[in-house]
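Order-wise, the sequence lines are chains X and H.
For the first sequence, the working numbering gives the first residue as 1, with consecutive numbering after it.
For the second sequence, the working numbering gives the first residue as 1, with consecutive numbering after it.
In short, the hints are calculated from the structure, not lab data.
It cannot be assumed that every hint is accurate.
Quick list of in silico lysine to any residue cross-link-like pairs, SDA-like style, CA-CA up to 20 Å [stated by the list, open to error]: (1) 13/H <-> 228/X; (2) 112/H <-> 172/H; (3) 13/X <-> 227/H.
Derived, one-sided and incomplete: chain H residues facing chain X with beta-carbon distance under 10 Å [stated by the list, open to error]: (4) 44; (5) 196; (6) 228.
Covered stretches of chain X (in silico footprint by chain H; criterion: 3 or more residues with CB under 8 Å from a CB of chain H, positions within the stretch not fixed) [to be verified]: (7) 43-50; (8) 62-73.
As the structure is a prediction and not an experimental result, all values here were calculated from the model.
Using N, Cα and C, we set each Cβ at its ideal position, and we do this for glycine too.
2 protein chains.
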Amino acid sequence: MRIALVAPSCPLKREASDRLEAIAAARGDFELLVNPQCFLADGHFAGPDEARLGALREVMGDPSIDAVWFARGGYGSNRIAEAAVIDVPAAAQNKLYMGYSDAGFLLAGLHKAGLDVAWGPMPQDVLRAGGELAVNRALDWLVRRDPDTLEPALDGPAMAFNLTVLSNLLGTSLEPDFTGVDLLIEDLSEQLYRIDRSMFHVTASAAIQSVRRIRLGRVLDVLPNDTDFGADEADIVEQWCNRSGIAFGGRADIGHDVLNRVVPFERKNR
Amino acid sequence: MRIALVAPSCPLKREASDRLEAIAAARGDFELLVNPQCFLADGHFAGPDEARLGALREVMGDPSIDAVWFARGGYGSNRIAEAAVIDVPAAAQNKLYMGYSDAGFLLAGLHKAGLDVAWGPMPQDVLRAGGELAVNRALDWLVRRDPDTLEPALDGPAMAFNLTVLSNLLGTSLEPDFTGVDLLIEDLSEQLYRIDRSMFHVTASAAIQSVRRIRLGRVLDVLPNDTDFGADEADIVEQWCNRSGIAFGGRADIGHDVLNRVVPFERKNR
Chain X
1 MRIALVAPSC PLKREASDRL EAIAAARGDF ELLVNPQCFL ADGHFAGPDE ARLGALREVM
61 GDPSIDAVWF ARGGYGSNRI AEAAVIDVPA AAQNKLYMGY SDAGFLLAGL HKAGLDVAWG
121 PMPQDVLRAG GELAVNRALD WLVRRDPDTL EPALDGPAMA FNLTVLSNLL GTSLEPDFTG
181 VDLLIEDLSE QLYRIDRSMF HVTASAAIQS VRRIRLGRVL DVLPNDTDFG ADEADIVEQW
241 CNRSGIAFGG RADIGHDVLN RVVPFERKNR
Chain H
1 MRIALVAPSC PLKREASDRL EAIAAARGDF ELLVNPQCFL ADGHFAGPDE ARLGALREVM
61 GDPSIDAVWF ARGGYGSNRI AEAAVIDVPA AAQNKLYMGY SDAGFLLAGL HKAGLDVAWG
121 PMPQDVLRAG GELAVNRALD WLVRRDPDTL EPALDGPAMA FNLTVLSNLL GTSLEPDFTG
181 VDLLIEDLSE QLYRIDRSMF HVTASAAIQS VRRIRLGRVL DVLPNDTDFG ADEADIVEQW
241 CNRSGIAFGG RADIGHDVLN RVVPFERKNR
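Okay, chain X solo, but in the shape it has when bound:
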C-alpha cells in the first residue's frame, strides 16, 4: 500500500511531514511517499500552478501508487483542478484521492471525472492538538477502508464540502452531479452573515436543489459581526433549506478539527 502526498494548495510544514513519517514507521501498514513539491513555496502557494499540477499528474499517472492524499488545504487547488482532469491517465482510476477544505475543488473535479474520492483528514492535521487521531482515521480508511472512520449517519450516496468552497465551484466546470446525494457542509473562519450569503447562493442553484438533503457539520471559529447576527448556523442553514425546498437532515460529524470523519463520494461510473 503506497500513499503519495502532494500539495495542490499551500505548502506542507516539515514538522507535519516528519510526524507523518514517524506514524508510517510505527503503523507499518503503508509506505509514505512525500512528493518534494509539498515543500515548494511561491507566494501563497506550494509552488507555481505548473509545479502543483505537475506533481498531481505525476502521482495520478503512477500505477504503483494506491492513494493520493492532499497534504493540506489553504487555497489554490481550484487553479489546477480543471487541468488535472484533462485526459485522465488510466493509472489514475485505481486509486483513492482524499482531502477536505480547499481540496474540495479537486474532490469535485476528480469525482466528476469518474475517480474515487473521499472527504477526510489531511496530513497537516497532525499538527492540531490530538491530530494523530485525525490522520490515523484518514489512514484507516486509506489503508483498510475501516468503516469506523466514516461519518456515522451516512445513509446512501453522500458528498461533503466546505460551504464557501462549494459556493465558489458552482457553475464552474468542476461542478459535480449532486442528484440524490446527502450533501454535508461545514465552514471555518467566516462571519455568520457570510454563511447566510453562501447559503443563499448555494440553495438557489438548481444543481444543489437536486440533493436528497443537506446536513450541517461544524461551523468553527465564527468571526464576530458588528452586531449579533440574530440566528445561529443551524437556524441559517435550516431556513435556506426551507426557502429553497431542500430537506434539512440535521447535523453531521465533519469539520475543521480532529474529529472530522470520512465521507466517500459515490462513484458515478460504478
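Go by the hints and put chain H onto chain X.
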C-alpha cells in the same frame, strides 16, 4: 423631485440621516423622505425581512417618489430582492434606484425586472471623511443626471458590482443579462486569496463570459495573508480574464470610498 431612503440591508445611522437632512435643506433641489424602516434593527438587519421588503415595496409603488436611494450596504438585500420584483407595480417604472456594495443584489434584480438602476454612493457614505462629496455626487445624478458624476471612462452599456456580491448572485434568479456590457468590479476587506477565488468563480460563468470586458475598481482594506500572496489585485483580475478569454479593460474609478463614481445600468426594455 422626491427621493425616498429605505434600508434593505443594515440600519442607517441617525447621524447620517441628520446630515442628509441638512444637505437636503442646503441644496433645496429635492425633498428627502427617510422611511422609518431605515432605523429598525433585528440582529444584523434593518428590521426583519418582511419590514425591509415592505418598506421597499411601499416606495416602489408610490407614484410621488422619483428615486429610491438605498441607505447603506452591509448584508441582507439578497434576502428580499427576489420578492421585491414579483408583480412589480406600474409606479416602480418611473424611478431611479441607486446604491452599491450589498445593494448590488437589488440592482441586479431590479435591472432584470426592467427598472432603472445605477451604482453610486449611498447616504451612509456621508459619515466617511469627506463624505459630503460622495453623497452630493449621488444626488447630482439622482436630481439632475449630471454627467460629471459618471465613471469617467464609461463607453457603452455598463454594470458595476462588488466582486463578492457578484460571485454570490451568479446562478440565482437575480442574475442579470451581462451580454456586451463593460463589467466594473471592486471589493473591500477580503484577503487576496479570496479575490483570486472569486475571480475563478466569476470568470468560469458563461453568463460573465458574455461581457464586453471587465474593468477593475479599487480593492480596499485588503486583509493580510499568512504569507504575501505573490500577486496584486490587478495581476489577479487580468490573469483570470486571460484564462477565461474575457478582455481586461484596465482600472475603473469605483470603490468603497468617497471618490466612488456613478455607473448607470443600461435598461434592457428601452
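Quick rundown of the hints versus the structure:
no.: 1; hint: 13/H <-> 228/X; in the structure: holds (17 Å)
no.: 2; hint: 112/H <-> 172/H; in the structure: holds (12 Å)
no.: 3; hint: 13/X <-> 227/H; in the structure: holds (14 Å)
no.: 4; hint: 44; in the structure: holds (5 Å)
no.: 5; hint: 196; in the structure: holds (7 Å)
no.: 6; hint: 228; in the structure: holds (6 Å)
no.: 7; hint: 43-50; in the structure: holds (count 3)
no.: 8; hint: 62-73; in the structure: violated (count 0)
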